[in-house]
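Mind docking chain V on chain E? Use the hints.
Residue strings, one per chain:
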Amino acid sequence: MKILVFNCGSSSLNYKVYDASQDEMPVLMSGKAHRVGVTSSEAAFIEHNIGTSYQKDIQPIPDHPHAARLVLKTLQEQGIEIDIIGHRFVHGGDTFQASTWLTPEIEPKIRACLPLASLHNPNSWSVIETCREYLPRSQQYLTFDTAYHASLPPAAYIYPLPAQIIEENGYRKYGFHGLSYQYVTHQVAQALNRDLRELNMIACHLGTGGSSATAIRNGKSVDTSMGYTPLAGLMMSTRTGDLDVLLVLRLLADHSLTPFELDTLLNKKSGLLGVSGFSSDIRDIQKYIHEKAHAQATLAYAMYIRRLKETIAGYAVLLGHVDALIFTDDIGAQNNTVRQDACLGLDWCGIQLDISKNEHAAGDRMNRIDAPGSRTAIFCLPTDEEGVIAREGKHLLEGIKA
Amino acid sequence: MIILHPDKDSVVLWLHELAEPLRESPERCVQIIRQASAEVPIIQIHPVGGNFTDHVCVSLESFTPERLRLTIPLLPEWNEISCRVADEIVSAFSTRNILVAFDDFLFQKLPESARKYALPSQFQEDKYMKHGFDGLAHKWAVMQNPGNGPLITIHLAEQTTVCGFMDGKITATSTGYSPVDGLLGEKTCGKIDPSLAMMLADKIGVDAAQDLLVNNCGWQTLSPSLDIQHDTLAGQIIINELLKSIGAMAAHSGGLERIFLFGENESSIEQISVKLLHHLSGEENYASQVRFLSHALPTGKMYAELLGNLLNNE
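Residue numbers (the working numbering), protein chains in the order written: chain E, 1 to 402; chain V, 1 to 314.
Excised from the complex, chain E in its bound form (with noise of 0.2 Å):
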């Protein structure tokens, strides 16, 4: 039983093949497009690791069918017969709480998502149509990053908007990244050998694209940074998270803007991008300040760290003690100086690192970095949500044979 997972990015495409006749679920291939449909001087690219080999190609992707594509053809050229498929699908909307197979029955209620995340949800349907033209008999399943906080309470939800106005629209907070806050949740309470649902936690996946944080009280989401949109919240790579909505108005009034050019500009032209003026990767926000006492990068890191820090602090308020700080994704598992600089000065609600141990913590894989005495055990570790979605893919079969 082999289940390929497709995990789509607004200009990536990450995929693995796993063996779920195994019960540790074993990679068989995995790999990713990168830079699909941008346009610029550096090319477009995928790679593949299959066993112990490394595969890259350099050729233009145009868009996530072309990606989805090329991994399809070299599955056939590996010979690896694909028995079912999962997808992430970044928004479900109200509709979606749990992973679910692609019907024709749910499909109508599928499509009617896509305009809720325009970034992600229509290339991850583009995905879902060519699977389906190149493997037939390949049955699909979605698995939802909104999911997880299906838990929130109304009062972390509800925006304080007039009801006709939620009620046509729908408009509420849900929330995203649920398949990484999943995944790393249950490898803490694993590493602390407690059970998940007594555990109060702060989960921030700081990611190159978006960055969020999540509240979690006994296991489930209370509050999360990112809203009906993932605008909303940290301040992110190219977004400016949270804005007042009377700033927002004043310039698409201001520059005769149009919603769209004001969209790409708070999405694509903001956050450590917009305030640096040279670059998105905080990487080279971090090289600028040490090696240019550069102004401007000096400015983005330290608004970056100030709405985390902030977020962080009031999230620990709210759950009033926390068992666990997590720091995920490829900036919260690889950096360890955002991860030093959020956490400094904020002993006085329990959370202290250990400085020799957040340096010397490897990004790929599971690292404890709390003082001791710290009341708050501080980890760091890689996402997987290629995995929580194999898993959902096995549970889902699972079901059937039940």
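Rather than coming from a laboratory, the hints here were simulated on the basis of the structure.
Don't take each hint at face value.
Straight-line distance between alpha carbons at most 30 Å, and here's what the computed BS3-like set of lysine-lysine pairs gives [stated by the list, open to error]:
| hint | chain 1 | residue 1 | chain 2 | residue 2 |
| --- | --- | --- | --- | --- |
| 1 | E | K268 | V | K116 |
| 2 | E | K394 | E | K32 |
| 3 | V | K203 | E | K109 |
| 4 | E | K268 | V | K275 |
| 5 | E | K287 | V | K116 |
The structure displayed is predicted, hence computed values, not measured ones.
Frame of chain E, contents of chain V only:
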């Protein structure tokens, strides 16, 4: 002392510090002030002075209405009416001592990282920054709580605001570019996903979206009253937002030691204090040692105390 506090579409006027304030047009304010004694000082609270001023309170003789008008682009919807008030008063009472107090002055001392939004550099002008609001009220609050160490001040009002201080110096505020940012108000939406503003503007137009977010949102859309005691949805949201704001302020103020709640409504202060205490108590809670302090007083009296003090120092 006559105090004028221009709001978005009217002026709040205190003729006497303990009296109920009036809500009038700038022109009507002038008519009312004419009936008061000529000796009574007039103080106007201006929403956003930005970098145009280096004092919290200045005489309109030196800081002329023309100069005040330069501040309009910082926040047109609020500053414009304030400038109209200044024009009317100066032309009607040219010989009287008129002072302007800047409600954002306190926040000028915040670091740049606290005052900017994460927009591209071409949108990093002063007019698009977090001006901060309710600074005079929080300045009064910090004067009531001298001493070193972390202090968090919460002004419970139609639009509740929170500030953090360390050793008497401001370190953070919940307020932003306009009075709408931060915690939800009675009629204002507070901090919500910024995409919703774009979507609403696309559906109903920029002006209608602004009117909606400023005048027809807030806790009034969720519950008939705040009723913190009985856990209404609005009350729960306010408490959750306050807890997160307290944490956010404490992150920059070195911790949680003293929380000072103030405002006009004694019952609201008491109910919110009880709820916050409930959330922040318990053996495991970091905040179990925090000291809660509160003070209920009419807003006019608070401004009169603060501005009287500033007046004497000018």
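Cross-check of the supplied hints:
1. K268(E) with K116(V): The given pair, whose Cα atoms are some 18 Å apart, holds under the 30 Å limit.
2. K394(E) with K32(E): Holds, at roughly 23 Å.
3. K203(V) with K109(E): Holds: K203(V) and K109(E) sit about 23 Å apart, inside 30 Å.
4. K268(E) with K275(V): 41 Å, violated
5. K287(E) with K116(V): 22 Å, holds
Checked against the numbered hints listed earlier, the structure breaks hint 4 alone; every other hint is satisfied.
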